[in-house]
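Take these sequences, add in the hints, and give me the full structure.
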Amino acid sequence: MEGIAPIYAWIFGNSPMFIAAVVGMGLSAVLWPTARTAALLILLACALQLLITLANAAVYGWYLPHATTQGTMAGVRGVLMIWSVAASLLHAIAFGLLIWAAFVGRRQAPAASR
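So for the sequence shown, the UniProt record's numbering puts the first residue at 1; every next one is plus one.
The set of hints was computed from the structure by calculation and includes no laboratory data. Beta carbons are placed, not taken as given, at the ideal position from N, Cα and C, and that holds for glycine. Among the hints, erroneous ones may be present.
Stated by the list, open to error - The calculated label-pair distances, taken between Cβ atoms and stated as ranges, are:
| no. | residue 1 | residue 2 | range |
| --- | --- | --- | --- |
| 1 | 81 | 109 | 38 to 48 Å |
| 2 | 92 | 23 | 34 to 44 Å |
| 3 | 72 | 92 | 29 to 39 Å |
| 4 | 89 | 19 | 31 to 41 Å |
| 5 | 8 | 76 | 13 to 23 Å |
| 6 | 26 | 72 | 18 to 28 Å |
| 7 | 33 | 84 | 31 to 41 Å |
| 8 | 75 | 33 | 22 to 32 Å |
| 9 | 81 | 113 | 50 to 60 Å |
| 10 | 82 | 19 | 37 to 47 Å |
| 11 | 20 | 86 | 42 to 52 Å |
| 12 | 15 | 67 | 20 to 30 Å |
| 13 | 70 | 92 | 31 to 41 Å |
| 14 | 81 | 103 | 16 to 26 Å |
Shown next as structure tokens:
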């Protein structure tokens, strides 16, 4: 149990993002009958955010403490750099999905007449 305690601490520290992702997934289920495409995009974005949050907990709460006691910092730095870039890219994709969901299914406003 002590080996996974840092994971719980990391999830607790990121609980606002974790809760927002879970609530967003629930709201997408509520919106599903009326705005199916927007709800699907929100569901995908929130699921991606939830997975990133859990993966961050594993990387920083389990991998980092174990790797620093068993290996050199050079290898750990490389893995953390790759993970940071990948997580940032995944965050950008989730953010793009949310922006897409905000504007999907909207009609173009009529041109103003003089």
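If any of the earlier hints don't hold here, list their numbers in rising order.
The structure conflicts with hints 2, 4, 6, 8, 10, 11, 14, although it agrees with all the remaining ones.
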